[in-house]
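2 protein chains.
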Amino acid sequence: MNIVLLGSGNVATHLGRALKDGGHHIVQVWSRSEANAKILADKLDTEATLQPSSINPHADVYIIAVKDDVIRAVAELLSPIIHDQLVVHTSGSSDLTILEGISSKIGVFYPIQTFSKEKKIDFKKIPIATEGNSSDTLGILSALASGLSEKVIEMNSTQRTILHIAAIFACNFTNHLYYIADKILQDQHLDFDLLRPLIMETAEKVQKKHPAEMQTGPAIREDQAVLDKHLELLKGNPSVLMLYQNFSQRIIHSKK
Amino acid sequence: MNIVLLGSGNVATHLGRALKDGGHHIVQVWSRSEANAKILADKLDTEATLQPSSINPHADVYIIAVKDDVIRAVAELLSPIIHDQLVVHTSGSSDLTILEGISSKIGVFYPIQTFSKEKKIDFKKIPIATEGNSSDTLGILSALASGLSEKVIEMNSTQRTILHIAAIFACNFTNHLYYIADKILQDQHLDFDLLRPLIMETAEKVQKKHPAEMQTGPAIREDQAVLDKHLELLKGNPSVLMLYQNFSQRIIHSKK
Chain A
0 MNIVLLGSGN
10 VATHLGRALK
20 DGGHHIVQVW
30 SRSEANAKIL
40 ADKLDTEATL
50 QPSSINPHAD
60 VYIIAVKDDV
70 IRAVAELLSP
80 IIHDQLVVHT
90 SGSSDLTILE
100 GISSKIGVFY
110 PIQTFSKEKK
120 IDFKKIPIAT
130 EGNSSDTLGI
140 LSALASGLSE
150 KVIEMNSTQR
160 TILHIAAIFA
170 CNFTNHLYYI
180 ADKILQDQHL
190 DFDLLRPLIM
200 ETAEKVQKKH
210 PAEMQTGPAI
220 REDQAVLDKH
230 LELLKGNPSV
240 LMLYQNFSQR
250 IIHSKK
Chain B
0 MNIVLLGSGN
10 VATHLGRALK
20 DGGHHIVQVW
30 SRSEANAKIL
40 ADKLDTEATL
50 QPSSINPHAD
60 VYIIAVKDDV
70 IRAVAELLSP
80 IIHDQLVVHT
90 SGSSDLTILE
100 GISSKIGVFY
110 PIQTFSKEKK
120 IDFKKIPIAT
130 EGNSSDTLGI
140 LSALASGLSE
150 KVIEMNSTQR
160 TILHIAAIFA
170 CNFTNHLYYI
180 ADKILQDQHL
190 DFDLLRPLIM
200 ETAEKVQKKH
210 PAEMQTGPAI
220 REDQAVLDKH
230 LELLKGNPSV
240 LMLYQNFSQR
250 IIHSKK
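Residue numbers (numbering that gives the first Met the number 0), protein chains in the order written: chain A, 0 to 255; chain B, 0 to 255.
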């Protein structure tokens, strides 16, 4: 397929590379950021453009991979240029309806992963959630997704938003717990390396099992002596203390 | 070294195996649980005992790998039997002083990892925190630890407890976030498999960098429209809603 990629951030970069590796032709990268557009276009052996008016009007699919709050604005730039081809966005939290009126063929192509610019990733293992405004559109998108990933799942906008919320707990909030752990260690001049193997193992343990079966620690054992000792030590840090108490209560409650 | 292992849970199992693989001789496994003691003794090609009175009095080291609330009781069983050999426990949250009076050589040998019975693990990558009541004791323990792991760090009881608290955030509380994510998906009849690659990647991303550099999601972007939409959708689940708000605030605050 001939694809125009709109955006040059982490999702655009990884998705563009996966599409190219999958045999598709990225005919153009459009982005408001000249530097990023050129970097990505170079990676994908294609041309970059900054001018909305010079967006290629003959592609099969237009993929909008930009922040949620500018998806609609970018889609409206496309609207007068294209000839009713397929337009999709890649967001977990924007509804399909955000593309309404842009084309008669609109859809969503949401890779359920966190991307960093430097780190390569195997797209085959990334689940992709697809949605389309017709069974034809959905069929095209799911076929495109199946070429990139072993796990493609069709879902509506509400399901996708809820999946995105679950992803925020499993990824964004988890990273914030790592951040708190790092701060606690830094206060004692201890290295974060001490926790890195534990962090990997905690993630690996739920790859085959459900987290309910994998819970360990003083809270699930209801070891009150250890919990009290920790709360005592955290007295100087009320914000961390509150979180410790909250999680311990939640974990104890999860047994009932 | 000739070692008696007291306990037959996950720590005793993994540590016993690593010590045996490291060329040490596990002369005996003692446990209150007959079945578990036999299973572990078989794995370690050694004998099991249930009777405190039949604990081998001639070992070089006695390693107590039991729950925090019974460490002292097990140590007191040892006390009349041994001849002042080295006695250590493996707990992150118990002080060295819990072994006071048991022997003149006491210490701590704390592997910073979460163990599951079925899952094998590379002990070389597990940091081990050691403590001893004298430089001689500490020297012996750190040498023993260095034979098993590439990363051995000597620290006192307070530092170890704080390290353990950090580990609880990075492991136990993280697993509880996975649990909440799983529940959110289950309510929508969505499979936890959708999040497994994301969970692995989130852990992998902090293996080289610090979590402060790796934070993603609507909170760090202060994308209020997405945050509001998620809070609206979580209205039916006040406990999860509160946690979502709390974490989002914390993440926004972490930027300042």
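Mixed in with the good hints, there may be bad ones.
For chains that are exact copies, the list does not tell them apart, and a pair is met inside one copy or across any two.
[Unchecked claim] Each computed DSS-like pair below joins lysine-lysine, with the alpha-carbon atoms no more than 25 Å apart:
1. Lys208 / Lys124
2. Lys234 / Lys208
3. Lys124 / Lys207
4. Lys66 / Lys228
These are computed hints drawn from the structure, not numbers from a lab. Nothing here was measured: the structure is a model prediction, and the numbers come from that model.
Exercise. Should Lys234 paired with Lys208 be assigned to within, between, both, or neither, using CA atoms and 25 Å as the limit?
Worked result: neither (35 Å within a copy, 29 Å between copies)
Problem set entry | Identical-chain pair category, Lys66 with Lys228, by Cα at 25 Å | Between copies only: 15 Å across, 44 Å inside.
Problem set entry | Homo-oligomer pair classification [Lys207, Lys124; C-alpha up to 25 Å] | For Lys124 and Lys207, the Cα distance is within 25 Å both inside one copy (15 Å) and across copies (22 Å).
Exercise. How do Lys208 and Lys124 come out at 25 Å by Cα distance, when the copy is not named: within, between, both, or neither?
Worked result: Both, since 18 Å and 23 Å are each at most 25 Å.
In summary, the one numbered hint that this structure violates is 2.
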